Each structure stands twice: as structure tokens, then as C-alpha cells.
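Chain V is fixed; fit chain Z onto it per the hints.
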Amino acid sequence: MSRYTLLLINGAILMACAVFIYTARSTVLTALLLLLPFIDRAWQAPNWQSQKSNLTITIILFVSYSLLIALNLDELYLALSLLLLVALPEEWFFRAYFMVRLQSFFKDRNISNVVTLWGSNITSSVLFTLMHVPTQGLFGLSVFVPSLFFGWVYQKSNNLIIVILLHAISNLLFLLYLKKLIIN
Amino acid sequence: MKKYINRLLTATALSGLCLYSATSISNEFRIDDFRFAMGDPTFSSWGGAGGAIPNGSGPYGTLVEGTYQGTNTTNVLVDFNFFNAPVNVYTRATNQGSTNTAADTITGGPAPTINLTTSTADLSSWFATWNGTEFNQGNNSNDAACTGHPAYSSLSPTARVTDNLDGTFTINWSSCISTAPFAGQIGFWRLSVTCTVGCPPSTLGAADPLEATQGANVTRTVTQGAGNVVITSSFGAAPAGFGGVWTNSGTVTDIDADFGTFTFDSSAVTPGVYKFTYTYQNNTTTPPTKGTGSILLKVVASASVDVLDTDNDGIINEEDDSALTENQLQGEAGNSQTYVMQSSEGKLVLGQTAFCSENNAARVSMSDITTYSGDVCSATSNTDDSLIKDVGVGGFYDFEVHDLVLGSAVNIVIPLTAPIPANATYRKYTADSGWELFAVGNGDALASAPATSAGICPASTSSAYISGLNQGDTCLRLTITDGGLNDADSSANGIIKDPGGIAQIESGVDATLRGNGCSMTANANARDHAEWLLVAGFIALLGWFKLSRRKA
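Protein sequences appear in the order of chains V and Z.
Numbered according to the numbering used here, the first sequence terminates at residue 184, and the numbering increases by one at each position without gaps.
Numbered according to the numbering used here, the second sequence terminates at residue 1552, and the numbering increases by one at each position without gaps.
The shape of chain V in the complex, shown without the other chains (with noise of 0.2 Å):
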């Protein structure tokens, strides 16, 4: 068995899941995304010590964070929620598991270093997007373009919390501020 048969399982199994509308299917999709990436023992589990990098960055996302929390206090289960519910389970997945492995797939091709941080930045984003189109229609699609961006930003600070307070801010303003526009 090659040492990426389980990414390419774990891929499937994630979509197999995903692909569908169920009752439980938040729930069992949190737990696979989480849960998965320990099934391949190819694959090691980001570093936390190198989390103290980019401190200063990390620092100005947190508290742009809390400020929008702030601003919007009745909003906190829901702010929690986008940082520890989704932003967590599809960071860890996709970008500190599935991208990464992605990635040594191709060098151990001996494919060019841009070819490699594209490739691999592009799949797994794909993967992303993909998981959103079931609840989402069409609009699930756009989140194509945020994924890449996530992933650039990862690979580029090696930080998985940066990516996450990305993520979760994204989605907050996209919740309290952008989507009542769009309603309107």
C-alpha cells in the first residue's frame, strides 16, 4: 500500500460523507475532518512550537476578532462556533492535513516547487469547495477563491492558527455584515 492511499481514502471518505443531505451530517462531518488526518500515520501533525511565528500577525487577528465580537456580543455562540466548529475541523483538514500531504505527494515526484505549491494549494481547495455545493448550491462555489487564499497564506506562514482566524473572520463578517447586504 503506498503511503498515500490513505490521503486518497480519506479524501473519499470525506466526500462520500459530504456529498449527501442527512440529519447528522454537521455532526459526522466535524468528527471526519477532525478525526481523519490521525488515520495516516504518513502524515505529522503541524508543529505547534512554530505557531509562535507570525506572532505579530496572529495577535492583530485575534483581537480584529474579538473586536467584531465585541461589536456584535449577542453574536458570541455564533462567533465560537465559526472558530471552533468550522474554522478548526476544515483548517486541520484541508489545509494542515490534506494540502500538506498533497504537497509531498508531488515533491516525491520531483515536481517543480511551483507546480507543487499550486497543485497541491488547488486539489485540496477543490475538496473544499466541493463539501460546500451540497448545502450551498451554486453559491458554495465561491467559496473556491477564499480556499485558495487560506491555503497561499499557509503555506507561506506554515501557521495553522493564522489560517484559522482567517477563516473564521471571513465567514463573521460574511455572516453579520455582507450577507444582509446581499439580502437586501
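Careful: at least some of the hints might be erroneous.
[What the hints assert, rightly or not] So the derived label-pair ranges between C-beta atoms look like this:
#: 1; chain 1: Z; residue 1: Ala1379; chain 2: V; residue 2: Trp118; range: 55 to 63 Å
#: 2; chain 1: V; residue 1: Trp118; chain 2: Z; residue 2: Ser1453; range: 53 to 61 Å
#: 3; chain 1: V; residue 1: Asn158; chain 2: Z; residue 2: Trp1544; range: 22 to 30 Å
#: 4; chain 1: V; residue 1: Ile59; chain 2: Z; residue 2: Asp1384; range: 46 to 54 Å
[Stated by the list, open to error] Some chain V residues close to chain Z (C-beta under 8 Å, calculated; not the full set):
#: 5; residue: Ser26
#: 6; residue: Thr27
#: 7; residue: Ala31
#: 8; residue: Leu34
#: 9; residue: Ala45
#: 10; residue: Leu85
#: 11; residue: Leu88
[Said to hold, decoys possible] Chain Z is nowhere near these chain V residues, computed Cβ spacing over 12 Å in every case:
#: 12; residue: Thr58
#: 13; residue: Tyr65
#: 14; residue: Val114
#: 15; residue: Thr123
#: 16; residue: Leu148
Read the hints as simulated data drawn from the structure, not as lab findings.
These figures come from a predicted structure and were not determined experimentally.
Every residue, glycine too, gets a C-beta built ideally from N, C-alpha and C.
Structure of chain Z alone, referenced to chain V:
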């Protein structure tokens, strides 16, 4: 003298009539308008040989700004002519006795007072002269000259204050004219004043669940010519310490004297739908509470079926089942066994659209909404919802929940006639705003569950309900807070109004209506907290790995 004169209004020159309440709260009221009519308590058309009245100075009904309180040296109100002679009005006369003349002291008397607790005013020092002779018009000036006058015994010397609940008050009283040539005639007075200083605070009271009867029967469909119709406030006809004002969407006249009831002769009203609104103030509470109640009544020329509605839920007895409790309401016409809506609290009644569509059920169609959702069951033009792909998903439901604790949340269970589809959303309609999203949060929520059998849903408190609109479920549970985002009347008044229903939205705009920008749950209704446990477990796992590595 049988020549009566129409209502007299004249300009007044006041900027601050200070009236002091009996509770020692210093309130000040500005007189906006006063009316005087002789022999006509309604101040309605009053013509006759007396000539055009008023025929003097001052435009009709105009307030002339000026000083009154504090100077007390001049007439408080500009003169107006009455039968071609001037009338002068003073408000602080020292002597209201029958010997009073124009030459008597007409200033320096007690200030008029208003008692908001008892809704009365003391205007005993209100004084008027006509052509140099006294009118003696204070509300306590029941002069001996009027004793024995036929109309005198029916008059109350009390000036009654009605709070219009918008900062203005109306004061009515009547008094006998004591001297010739009008001796023995009754002068009717109406003051319109605005509170300017120390305005009494008030709090929102519960909506008043009005009830209409024709004959002895409770009904919301009344038959023309079948007798008087009486609409009754839940507080009674004339409770002490209460004030009330009735309005209606037509020109229906209240023929009773009680302020807590509105009585009209059904033969004097043309068929149609009428909305009657009662605005009350309860002065027995501190601060006073103010609230409103309204009821829609259909007037029909003749009724082919029994149109009584004993439980006052909008469904006529003929189509209703008395076995249903007040927190139950038929979703489907004539079916009290299945598809029965239920609320966890309060009383379920039909909303306006459901009532006017005469479906005798809460479920309405888009056509009903278009035809009857406007003011007093008129048609509307903003019911097109381009975001709704399929409007036939279980129909729309138009209901109200009454008798709730103010500001409380209530669960309403709706057995749906069709399963919840993919891309489902709950859309709400109001004539003012058109279609809107059901707002989840701040205590309001959507949940669904499978039916236990066709048209039978789990109780509103059942754990079978899972947050969100879950595809395939046929039981919908709405949690709505009185006065919250999804209460169409936007007031924490003990009534929730929620016309709306399930709709399948166009997939292209899905996320703008129900998505959160992410694929997973991220709202106040995280499914059974399982996801939080997962995340907590995940973080614990990471911590354990880190510790393991350190040990290694």
C-alpha cells in the same frame, strides 16, 4: 331657545397650562384646542337660526400661543363670538357662584388640576362670560339655576380625562349655563391638551384580547340586521382607573357610553371586513400600562351556516371541534384529528389572512396571502418572492398566539403536509416588508422532526426535534419570542404573529438565505452539542500527543 349653534372653536393664546396631578407629580399640559357647543355633546353639526358660529375672531380650532399660567391677568383664550356677542374664557376664576359677573374677580383662583390616577380633571375655576354675563362653565359649577333642567340630571360634573396614548389628552365635561339668555342650557366642553413637562411614564401592557358578541353568541362573523354587536375589552366595560379609545377601519359609530365596550347596530353597517382597535391605559399600575387590542369582524348580509365562533379562534363552530384545547388550531379545514397545530403556551388563533380567506384553517395559499394580507384583508402587491423556488412545500401558515407572558418565548408545532425538501428555508411575510427570513438566534429557532404518524407530531418539548430544517421531516417547530425578530407585531405585548412557511429556495442563492459561508453548522443551535464535544475531544487529543512527545 331652540336655535342651536354648531361647535365653536377658537384660537387660544396659551403656552403652558400647568395642571397638577393629585399624586403631586408636576405635569404641564399645553392647550391645543378647545371646543364649546351648547346642547350638543357630540360637537357635531349644529346649525340653525343662530347664524354662522363662530363668527368672531380666531380661526377655527387654532391654538394661539400666549401666556396664561403665571400672569393671570388676561383672558386665557382669545374671545370668540357666540350669537354675535363675545365670549371670554378664564381658567382661574376665584368665584364660580351664581352671583359671579364679568366684573367679579376672574383671576387668582385655583389652577386647574388633572388627576391621572383617576383620569379626572378639576376645572371648577374654568369661567366664561358671554356679552358681559356669566356662563358659569366650570365642571363643578352646577348652578342652582339649572336645577330641574331636564338634561341636567344626566350630566356628570366630573371632567373626564382620556389619555390618547400619544402624549395628548382629551378632557370632556359639561356644565349648566346659569344666566339669561341661555339659562338652563347645557354647555359641552372639550379640551385637547398635550403633555409638555413631567409627562407620565408608562409601560407597554398586554394586548387586549377583544371578544365580539351578537346577541348572546361569541362570533367574528356578524349578520347584518341581526341585532347589536358588542365588542368587549377583557378589562370590562368601565373599570375604575382605566381609560380607553376605540377606533375602527370604517365609520362605525359606538352607540354605548362605556369606554370598555364598542357597540354598533349591525343593520347600520354594510357587509365587509372591519378592524376594531381598542387602546387602553391602566392607571391602577405604577407606572400606568398602555396597550392595544384589535379584532377583525366580518359583516355578512346573511349567513347560510352557523357562523358562531365560541372559542374566538377565527374558525366557525361548524368547522371547528370543541374538543381542541385553546393551544391547538386546525391546520387543515374540518380536520381536528390530524394536522393540528399546537403551541406550548397561550392560545392559538387564525391570523388575518387565514381568517379572511375563510379556509377555517391556519394553512393558506400564496393566492390567499396576495389577496388578503394587506390592511384589513385588502390585497397586496409585494408577495412575489423570486427566491422561492417552490411555494407548495407544505403551504403557508397564518396564525397568532395570544395570552402569552409578555416577552416570553413559545414553541409552535406545525404538522406539514409535505416533507421538508433540500435547500429548505422558512420564509415570513408581512405586508410592510414582504418576504423575509426567519431569523435564528436570540432565543428564536427552527427545528424539525419526523411525524409519529401522518399528521401527528411529537409534543413541542420532545427531544425528537433537531435544530434546523432537516430534509424529509414533516414536523416543524418554531420557537418565537414575543416582541422578537420573528414576531410580526414587533411588540412584547403577549401576542405573536407569524405568517410564513417552508419554501425551497433556488440553489443559486442558497447561501444568502440559509448558508453561513461554511459547510457545517455554525449557529446557536449546534446539533445536540455533539460538535462541541468533538472539538473538546480533539483539543484534548492534541494535548495528549504533545505530552507523549515530551515524555518520549
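Taking the hints in turn, this is what the structure says about them:
no., hint, in the structure
1, Z/Ala1379 <-> V/Trp118: 55 to 63 Å, "58 Å, holds"
2, V/Trp118 <-> Z/Ser1453: 53 to 61 Å, "56 Å, holds"
3, V/Asn158 <-> Z/Trp1544: 22 to 30 Å, "23 Å, holds"
4, V/Ile59 <-> Z/Asp1384: 46 to 54 Å, "49 Å, holds"
5, Ser26, "4 Å, holds"
6, Thr27, "5 Å, holds"
7, Ala31, "5 Å, holds"
8, Leu34, "4 Å, holds"
9, Ala45, "7 Å, holds"
10, Leu85, "5 Å, holds"
11, Leu88, "7 Å, holds"
12, Thr58, "17 Å, holds"
13, Tyr65, "14 Å, holds"
14, Val114, "29 Å, holds"
15, Thr123, "17 Å, holds"
16, Leu148, "16 Å, holds"
The structure is consistent with each of the numbered hints, conforming to all of them.
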